[in-house]
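Engineer: Residue numbers (full-length UniProt numbering), protein chains in the order written: chain F, 1 to 328; chain V, 1 to 328; chain E, 1 to 328; chain A, 1 to 328.
Hints are computed from structural coordinates only; laboratory data are not their basis.
Since the model is a prediction, treat every value here as computed from it, not as a measurement.
Beta carbons are placed, not taken as given, at the ideal position from N, Cα and C, and that holds for glycine.
Worth double-checking, as some hints may not be accurate.
Below are the DSBU-like pairs computed for lysine-lysine, each with C-alpha atoms no more than 30 Å apart in a straight line [claimed, not checked]:
{"hint": "1", "chain 1": "E", "residue 1": "54", "chain 2": "A", "residue 2": "62"}
{"hint": "2", "chain 1": "E", "residue 1": "212", "chain 2": "A", "residue 2": "54"}
{"hint": "3", "chain 1": "A", "residue 1": "35", "chain 2": "E", "residue 2": "212"}
{"hint": "4", "chain 1": "F", "residue 1": "312", "chain 2": "F", "residue 2": "212"}
{"hint": "5", "chain 1": "F", "residue 1": "67", "chain 2": "A", "residue 2": "215"}
{"hint": "6", "chain 1": "A", "residue 1": "314", "chain 2": "E", "residue 2": "215"}
{"hint": "7", "chain 1": "F", "residue 1": "54", "chain 2": "E", "residue 2": "215"}
{"hint": "8", "chain 1": "A", "residue 1": "83", "chain 2": "A", "residue 2": "62"}
{"hint": "9", "chain 1": "E", "residue 1": "312", "chain 2": "V", "residue 2": "218"}
{"hint": "10", "chain 1": "F", "residue 1": "62", "chain 2": "V", "residue 2": "218"}
{"hint": "11", "chain 1": "F", "residue 1": "92", "chain 2": "F", "residue 2": "54"}
{"hint": "12", "chain 1": "E", "residue 1": "215", "chain 2": "E", "residue 2": "299"}
{"hint": "13", "chain 1": "V", "residue 1": "215", "chain 2": "E", "residue 2": "215"}
{"hint": "14", "chain 1": "F", "residue 1": "62", "chain 2": "F", "residue 2": "4"}
{"hint": "15", "chain 1": "A", "residue 1": "88", "chain 2": "F", "residue 2": "218"}
{"hint": "16", "chain 1": "A", "residue 1": "239", "chain 2": "E", "residue 2": "239"}
{"hint": "17", "chain 1": "F", "residue 1": "7", "chain 2": "V", "residue 2": "215"}
{"hint": "18", "chain 1": "A", "residue 1": "239", "chain 2": "A", "residue 2": "83"}
Per the computed footprint, the stretches of chain A lying under chain E, defined by three or more beta-carbons under 8 Å from a beta-carbon of chain E, are [unchecked claim]:
{"hint": "19", "region": "66-80"}
{"hint": "20", "region": "111-121"}
There are 4 protein chains.
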Amino acid sequence: MPNKIKKLAVLTSGGDSPGMNAAIRSVVRTCAYHKIECIAVYRGYEGLMEGDFKPMNARSVKDIINKGGTILKSARSDEFRTKEGRLKAFNKLNEANVDGLVVIGGDGTFTGALVFNQEYDFPVMGIPGTIDNDIFGTSHTLGFDTALNTVVEAIDKIRDTASSHNRLFFIEVMGRDVGHIALNTGIAGGAEEILIPEEDLGLDRLVDSLNKSRKSGKSSSIVIVAEGDKIGKNIFELKDYVDENMSGYDVRVSVLGHMQRGGSPSCFDRVLASRMGVKAVESLLEGKSNFMVGLLNNKMELTPLEKAIKGKSKINLELLRVSDIMST
Amino acid sequence: MPNKIKKLAVLTSGGDSPGMNAAIRSVVRTCAYHKIECIAVYRGYEGLMEGDFKPMNARSVKDIINKGGTILKSARSDEFRTKEGRLKAFNKLNEANVDGLVVIGGDGTFTGALVFNQEYDFPVMGIPGTIDNDIFGTSHTLGFDTALNTVVEAIDKIRDTASSHNRLFFIEVMGRDVGHIALNTGIAGGAEEILIPEEDLGLDRLVDSLNKSRKSGKSSSIVIVAEGDKIGKNIFELKDYVDENMSGYDVRVSVLGHMQRGGSPSCFDRVLASRMGVKAVESLLEGKSNFMVGLLNNKMELTPLEKAIKGKSKINLELLRVSDIMST
Amino acid sequence: MPNKIKKLAVLTSGGDSPGMNAAIRSVVRTCAYHKIECIAVYRGYEGLMEGDFKPMNARSVKDIINKGGTILKSARSDEFRTKEGRLKAFNKLNEANVDGLVVIGGDGTFTGALVFNQEYDFPVMGIPGTIDNDIFGTSHTLGFDTALNTVVEAIDKIRDTASSHNRLFFIEVMGRDVGHIALNTGIAGGAEEILIPEEDLGLDRLVDSLNKSRKSGKSSSIVIVAEGDKIGKNIFELKDYVDENMSGYDVRVSVLGHMQRGGSPSCFDRVLASRMGVKAVESLLEGKSNFMVGLLNNKMELTPLEKAIKGKSKINLELLRVSDIMST
Amino acid sequence: MPNKIKKLAVLTSGGDSPGMNAAIRSVVRTCAYHKIECIAVYRGYEGLMEGDFKPMNARSVKDIINKGGTILKSARSDEFRTKEGRLKAFNKLNEANVDGLVVIGGDGTFTGALVFNQEYDFPVMGIPGTIDNDIFGTSHTLGFDTALNTVVEAIDKIRDTASSHNRLFFIEVMGRDVGHIALNTGIAGGAEEILIPEEDLGLDRLVDSLNKSRKSGKSSSIVIVAEGDKIGKNIFELKDYVDENMSGYDVRVSVLGHMQRGGSPSCFDRVLASRMGVKAVESLLEGKSNFMVGLLNNKMELTPLEKAIKGKSKINLELLRVSDIMST
């Protein structure tokens, strides 16, 4: 039977995402609610090894629920991948009497926590924070919904100028390995075509499709391209290919870039973060360890970290079909 | 066996909500995709009885996916509640060779469709469009997600001024019978208390709670009140009661009102609308009738209209608990 | 000849407005740039009398340029209106070796500073911070531009639902004595009529005008009403009058309320705040006192506080005419 | 003495900008107000030569004041630069009985109108529509204010992620020949440095400055770079140079691109567009020709097209100084 936990630490690691602050707030307030202590760890695993800690109470996290980024900062750490690094971290946690750890981040973050747990049997719990939605065990990662709205607002703006000039726009959105952002924002932005890593429709079919929609009376078009798309080597090559093989359009490229990671979180992400923080803390208090909290069928559920890391987050095939029908 | 449908009509009725235009677009484009005809009906059941129709093709619905409101207009109709009214509508549909109807709206809209179907065996399919999320058979109604973000942005603005002045704000949000908007935006807006029709915590407990949070060091507070809350007769009475029974706060009221119904739909609502339109049209084409399409566990599902009308959309009790913990 | 100033204090007072934080940041950084000390005063004149001070350096004001409200809090103070109150404040400033004061606020704030200066010959400089734009000596007060955008976004949302339902909306915006917000947002929001304190067109003419525009084919209408409008006793009486004297419209009221004061400042307000802070500090350093900094013809100019208080900010009559033409 | 004008045409040409639709609306409604006819010309000078015209009345322009882009579309035209092209246009205008032309666009658009006027003595009036604010004779071009807010919102989002990771971001904003957008958004976005075409501070000084601000305690930094900046050949070369010559920062680049041209116009741009449309039409009705309407000292003023084209829009040197002080 696990010892009762009396003091928790929380950190953010990897790429930041909107909602991380709301999750930190939730972890801290849930600790306060259950009258256990809570400390914040700055700069992810780097700060964990250096003992860059700060005690938190319910008031320490006021006015952050609506802020993008992470007040705890984030960093990637090579040292934590070594045995020596993890020993340092364990010692710092021991010195501070911390007996449980909540990590907010993505795959890499969870892998670090898992290895740490296996070495020291230290209770850990993961909260999936990344805009890419590429984590198995949750229908939505923290920040995904906000990023979708950020991207759609940008597409709406680009469409204004695209349709004023009969232009074809290639818009690159984030998503190195998965096309969730591209697929959802492509449908919502009224895109002609959506290019995602999971599907390779080929350059010829793309040009065919664009030609078809020109003939059907469309005077401007938007193609959403996920970063990780494999058709062209990159979006600028895509543009060149289309420039050479299609006439009548003035082709432009827009790479949305890092603004997709920022911004005040949406209502959905704030509520999700609040729920996940409660679930993570209370699961640790119940003696559970080595899980990721996630949203499955609108309920908070636990998935073993190992499965969360190894599992694949899959594209909703229904959305691919909807996208096809919508670009009729 | 049902006759194959060759021509569909689509209308919006009841209060408008963001995403209705995206749903209209989806219905029209799905008809085009399946090469069946589609007409739009203006002004809901009023226009249905008057034959206020317009043929639609894929291009008729361009540039509307991002618009709030409904291009088909909406209206409440007393006449359609009479046998004579419905006969008129049936005749108009027959004259126009329409053999299936998609209605977008709420409870009242579905009741009209159901009665019409029972009298004339006319194929109908419902799409839930209302910001209140008060429909059984779908986890999200069209417009709910957008309204949540609109409300949260307003709360964020009010919080700026509340915390600059050590003020207590009562903010009234929509939701006559259900507290979904209040509960979600209360959590996301960092509200001190959330008053919803489903729960009556009583005026004394409210004042106790506010006093407690003052003592815990909070210098300003926000209370979210659903329109349909039963504690005070209305939000201004609430203010008066608190003014009399609490000191130290400058108490203010803000009624967010109709702006909650408008605005460009969120990515979520646009994708949901697109999915629902496809499902509604294809279900009619498969010979189904008298259902509402809904989102259940992230999948498109059908619920009999009768159940959708009679069923109760329930508050997520987990959220009540999360709200309690967050206001620690 | 004035002694060289070595230490400044800055405070915000009266109603808060977006851009106040950017102005505080500018005052603090301009002090740092000129290598003089700077302290912040919390809660306006209340904190001044209590010595609620905090030393500030360039880093103290990071990440606030984009925040609404005021990190220094604001409060109205009755005590500072008394000789005793002002003596307390003078003593506190002396104890802290402060030899100049920048006040950010409106009329009331400036009056306090003026009296204080007259009694103690203490160097003061004013920055006009209020969303109402009701200060003489500047074409724009801090927060006015942001409030205009906030109001216009709300009107856009309400228009979605107004035009979906053939409704007439009365929308109340801030502006107790002046109609700047109403006039600008009325034009920008495409309002049918704009009711401002400076003009009384009478209820009959309002109904005439609304009837005329109905006949010209408008199916929905929006009337913007400044808080301080004198036609009806209030906006709800206006609604009642129109309900009784006009048919065909479903009349609704929306009071935008306090959200108009909050929100992240616009680019214009952030730049204006930055310019005003520099001008205020450097004017004090040049030995000037008892002025308000303002924007006149796109340049920073000084206006004696006395004139700023007594002068009247006037409505641009050209805008009234433009509004008339636009509602053709 | 000029003949009285009875029918006007309006077109948009060159790059689109937010507020163009509001200006079209204003031209059309001002014509309606003065009871003269108005036609719209599609696709700029291309449509002028082809007679791609549409009669407009007050209702034709409803619901466009808040839309980005231009409902009349825009295009660049080589043919209109030839005598033959302009003859075609003159003939089409004559056939349609048009006796005055309002053109909305930038330098190139005005040059076309000026030459056309010189050849045919055809009354023309210009409205400056471009986000770059690079036109002499107006303190603000249509769309500039909106673009500023769009850019600042993007910077705010990028700052979230920059400060979560101790990153240095180079953000490229529009402005090929002038630095107005860079300078204003740099100040408003709290940028460390602002690189504009008008100033060449040199790469070494840039690295010095960034090093200095690191030492002063800043953990993340943002540098705004105008498209037309001459320091590096482009922003990616800038990044490479800094990567090589500075350590400690993770350097990233973001090119904001075409989204800067779109979006719903700000209140300021909508009011400005409404004023400019009235002034343009009424000036033509007064027999004036060959002018551009502009905003000077908050008043509508006329500038001869020739001066508007040849004059230089200058950077406000005060802003450069404010920027320097703010990055203390």
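Engineer: Give a verdict on every hint.
Structural biologist: Against the structure, the hints:
Pair hint residue 54 of chain E plus residue 62 of chain A does not hold up; C-alpha atoms about 53 Å apart against a cutoff of 30 Å. Taken as a hint, the residue 212 of chain E and residue 54 of chain A pair is honoured in the structure, with Cα atoms around 26 Å apart against an allowance of 30 Å. Between residue 35 of chain A and residue 212 of chain E the alpha-carbon distance is near 16 Å, which keeps this suggested pair within the 30 Å criterion. Note on residue 312 of chain F and residue 212 of chain F: the hinted pairing is violated, with a Cα-Cα distance of about 34 Å set against a maximum of 30 Å.
A threshold of 30 Å between alpha carbons decides the hint, and for residue 67 of chain F with residue 215 of chain A the separation of about 27 Å falls inside it, so the pair holds. Restraint check for residue 314 of chain A and residue 215 of chain E: the C-alpha separation of about 49 Å exceeds 30 Å, so the hint is violated. For a cut-off of 30 Å, the pair hint linking residue 54 of chain F to residue 215 of chain E is broken: about 68 Å separates their Cα positions. Among the hinted pairs, residue 83 of chain A with residue 62 of chain A is inconsistent with the structure: their alpha-carbon atoms are about 37 Å apart, more than 30 Å.
Proximity of residue 312 of chain E to residue 218 of chain V is assessed by CA-CA distance (about 39 Å); at most 30 Å being required, the pair is judged violated. Taking the CA atoms of residue 62 of chain F and residue 218 of chain V, the gap is about 9 Å. The hint holds against a cut of 30 Å. For the hint linking residue 92 of chain F to residue 54 of chain F, the alpha-carbon distance of about 13 Å falls within 30 Å, and the restraint holds. For a cut-off of 30 Å, the pair hint linking residue 215 of chain E to residue 299 of chain E is broken: about 46 Å separates their Cα positions.
Under the criterion of a C-alpha separation no larger than 30 Å, the hint pairing residue 215 of chain V with residue 215 of chain E is inconsistent with the structure, at around 59 Å. Distance restraint check for residue 62 of chain F and residue 4 of chain F: the Cα-Cα separation of roughly 28 Å lies within the 30 Å cut-off, and the hinted pair is therefore satisfied. For the suggested pair residue 88 of chain A and residue 218 of chain F, the alpha carbons sit about 28 Å apart, so the restraint of at most 30 Å is met. Note on residue 239 of chain A and residue 239 of chain E: the hinted pairing is violated, with a Cα-Cα distance of about 60 Å set against a maximum of 30 Å.
Only pairs whose Cα atoms come within 30 Å are accepted, and residue 7 of chain F paired with residue 215 of chain V is accepted, the gap being roughly 25 Å. Using a Cα cut-off of 30 Å, the hinted pair residue 239 of chain A and residue 83 of chain A is violated, with the two alpha carbons roughly 47 Å apart. Counting residues of the region 66-80 of chain A whose beta-carbon sits less than 8 Å from any beta-carbon of chain E gives 1, not enough to reach three: the coverage restraint is violated. Given a C-beta distance limit of less than 8 Å, the hint that chain E covers the region 111-121 of chain A is violated, as 0 residues qualify and 3 are needed.
The structure is inconsistent with the numbered hints 1, 4, 6, 7, 8, 9, 12, 13, 16, 18, 19 and 20, although it conforms to all the rest.
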